[in-house]
Amino acid sequence: MGVKRRPSTFVLKVNPILCDGFGHCAELAPELVNVDEWGYPIIRQEPTKINNAGAYESAKYAVRGCPRQALQIEKITDAQP
Amino acid sequence: MIAPSSLPRLIHQTTRRPLTLVEHEQAFSSSGEVVDALKELEASGLMGRGGAGFPTHRKVELLRSQRSRTKYVVVNAMEGEPASHKDRSLIAANPHLVLDGAEALAAMIGAKHIAVCVAREFSTTINHMERAIHERQRRSQRGPLIELHTPPGRYVAGEESALVHWLDDNQCLPQYRPNRPNVLRIGQGVVLLDNAETCANVGLIARYGAEWFRSLGTPLHPGSLLVSVTGAVSHPTVMEVAAGTPIRQILEAAQADRDPQALLLGGYSGEWISGRNIDLSFDNAALKTVNASVGAGIIFVLPKSGCGIGEIYNIVRWMANESARQCGPCAFGLPSMADDLGLLLAGSKDAGAALRRLNEQASQIDGRGACHHPDGVVRFVRSSLRVFEDDIRAHASGRPCAGARGPRFATVPRLERGDELVWE
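If you're matching them up, the sequences are chains A and B in order. Each step along the first sequence adds one to the number in the working numbering, with nothing skipped, and position 52 is 52. The working numbering runs 81 ahead of the 1-based position in the second sequence.
Don't read these hints as lab results, they were simulated from the structure. Be a bit skeptical, because a hint or two may be false.
Computed far set for chain A versus chain B, every beta-carbon distance over 12 Å [unchecked claim]:
(1) Thr9
(2) Lys13
(3) Gly65
Derived Cβ-Cβ restraints for the label pairs, each shown as a range [as the list claims (entries may be wrong)]:
(4) A/Arg5 with B/Ala133: 30 to 38 Å
(5) A/Arg68 with B/Pro488: 44 to 52 Å
(6) B/Pro262 with A/Pro30: 30 to 38 Å
Being a predicted model, the structure only gives us computed values, none of them experimental. We put the CB at the ideal spot given by N, CA and C, even for glycine.
Isolated chain A, as found in the complex (with noise of 0.2 Å):
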């Protein structure tokens, strides 16, 4: 009773629209951005726990360093069980 869930995992997305490449993404945050060979990210798809507060610090620097505001952090909370 009055537990508030927390997401568990997050993601994070581009939107390839506003994505000029300029690869900020993948020097801050190197264990979820991969760089294709034009410069524009790869990044994961899998879900990555939030208590991995490395991954989770470094997504935050690459939205925040990123050029043209293209990123953003998705929480998912796990479903009802």
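With the hints as your guide, set chain B onto chain A.
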């Protein structure tokens, strides 16, 4: 009233001009049995005819539950696919059936505006549609307001978010929609967008009911389909067939090559199937066994004398040019894939490396655009690598097939130079 299991249903033409409103009402008199059109639509199991095959009633339910004051119904008759002629044939035969369906959909979701979109290149179709809308408005001013819109006829302009973007903002560029299910909007108003053939089917279901609709086709894929047959045929045709008709029968009726090398189903973003699979029936359940689908009802026939790689190269080159160039993976990836296919076609000494790169890039580009344009090209290239495996091996080892220098069968509009592209 049309008898339940008789064809044609949609293209009912006795004259060479489209049916007028009076003729239309005589040909399609209501049976008066349908009470709740939405319930009938759900029971009919109608799937969208624009390519994706999404159940129409679910779309309608989603829009019906939206609490927005303004709602729109958009009829998509853009037909940017060069191999498809069905929407134009349908409107040339009976535009009122499409408008009937649009009005039925508008009544279901409570919309007061209908926008019919026809590409501005199709001037005859625009004329037919204009005339039909005019006839309706002269008959009565009640009912939803119908407008005709003519966006530029590019391939991605017919994509749903691009079309709505055009109506909203005069730019036919696809939009980024991260959340699904997504409701498209014009201003504050929500939009129900359906293909012209889907609308025509809704018009029939709203008249005659679900049971009548299901009397043709298979239980999983009910109804009739408009099929455009192009390629190695005496002349390109549009036919109406029941879903589940064997492909061989369709080819015979269209006077096409009965012993083709391969068939392209679903258009230029669809899948190839080998000519050996010609006895499969034309519905989604049967075609799933060969990783294909009906799509927008396109069959392109490649004869034995043709060169598959050459056709694929032409098509991918054109599709790459049709990209809106908004997303990097599509703007750079598709031309690069086309270049690699060119190397493969020429059988140059880099062909082996090109083939490897093609496979790599296909998995890299997949799913990384805002719309499904790059995904469609990737699906197309993957299916061609599967179906033309032997040809590709021959080309890669520097021995192009005999047809490589021969004529091409797939029609592709004239390529523009990249810097001439105009996006309105």
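Hints versus structure:
At the 12 Å boundary, the C-beta of A/Thr9 stays outside the reach of chain B, the nearest C-beta of that chain being 16 Å off. With a minimum CB-CB distance of about 6 Å to chain B, A/Lys13 fails to clear the 12 Å threshold, and the non-interface call is violated. With a closest Cβ-Cβ approach of about 18 Å to chain B, A/Gly65 is found to remain outside the 12 Å limit, as its non-interface label requires. Take A/Arg5 and B/Ala133: their Cβ atoms lie about 34 Å apart, and the range 30 to 38 Å holds.
Hint check: A/Arg68 to B/Pro488, Cβ distance near 46 Å, so the stated range 44 to 52 Å holds. B/Pro262 and A/Pro30 have their C-beta atoms about 34 Å apart, which keeps the hinted 30 to 38 Å range intact.
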